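Trainee: Under this note's numbering, the residue at position 27 of the sequence shown is numbered 27, and the numbers go up by one with no gaps.
For the record, the hints were derived by calculation from the structure and aren't laboratory data. Don't take each hint at face value.
[To be verified] In silico SDA-like cross-links for lysine to any residue, where the CA-CA straight-line distance does not exceed 25 Å:
no., residue 1, residue 2
1, K185, I118
2, K188, V113
3, K192, K7
4, K7, L127
5, K108, L21
6, K72, T116
Every value quoted in this text rests on a predicted model; they were computed, and no experiment measured them.
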Amino acid sequence: MKEMFLKGGPLMWPLLICSILSLAITIERLFYWWRERCRMDGERLNRMLGQVEAGDTRELLAMGNDRADAFKSLDYIGRILVSGLRHRNRGLRESIEIAAEDEMERMKQGLNVLDTIITMAPLLGILGTVLGIISSFELLGSSGIEDPKAVTGGIAQALITTAAGLAIALMTLVPFNYFVAKVNKAAKEMNKIAARFEAALKNGAGKSSDDIQRL
């Protein structure tokens with residue numbers, strides 16, 4: 001492996017950096033989604049919606065402090081709802097949208113780099129191959145056909161960068177598509193829960209006004 005890497009030429013070094021970045025971002029994103037999955041609690045979410053519908057938002061507002069342990073233990077949907085409720089005086093829908101955008105930014109972190117690697121790695125590989133072929137033809141022009149093995153060997157070595165670039169792009173493409181699908185699925189889920197939350201808050205406000213009138 002080391003010998004093949006050295007034969008690939010100087011462009012193998014940026015390809016190596018691309019592969020390391022791709023692996024590091026993939027591991028970090030897998031850990032992020034695993035952590036969010038561990039935080040998900042359907043019963044707690046239903047309880048939060050029930051409290052809002054009943055007009056009792058004190059517990060949720062108490063979680064509104066970003067430094068509170070209870071807030072940190074929430075999944076991304078819970079954080080959006082609590083942040084939206086905390087800043088609802090500025091507009092509930094707008095507050096939820098801003099909180100959702102913040103969460104989407106966290107979910108998409110590093111995906112632009114993976115997308116760039118998918119495009120750049122094969123191009124670096126092709127560039128390395130072209131440079132290797134140019135060197136081989138220069139060698140052919142200087143030595144003629146006395147040593148054809150040196151020319152064909154140089155071309156074979158130049159193709160190593162193309163193979164490496166394609167391998168890195170393929171290795172990056174699979175997790176990139178997986179993470180994009182996760183983000184899209186989470187966005188749809190956010191929209192559904194946000195609509196339920198708004199409806200529950202309106203019902204809770206209506207119940208509170210009815211209770212006041214009865215008193």
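Trainee: So, for every hint listed, does it hold in this structure?
Mentor: Checked hints:
Distance check on the hinted pair: K185 and I118 sit about 22 Å apart at the alpha-carbon level, within 25 Å; holds. For the hint pairing K188 with V113, the CA-to-CA distance comes to about 24 Å; that is within 25 Å, so the pair holds. With a C-alpha separation of about 54 Å, the suggested pairing of K192 with K7 is violated against the 25 Å cut-off. Of the pairs offered as hints, the one joining K7 and L127 holds, with about 15 Å between alpha carbons and a cut-off of 25 Å not exceeded.
Using a Cα cut-off of 25 Å, the hinted pair K108 and L21 holds, with the two alpha carbons roughly 15 Å apart. Of the pairs offered as hints, the one joining K72 and T116 is violated, with about 32 Å between alpha carbons and a cut-off of 25 Å exceeded.
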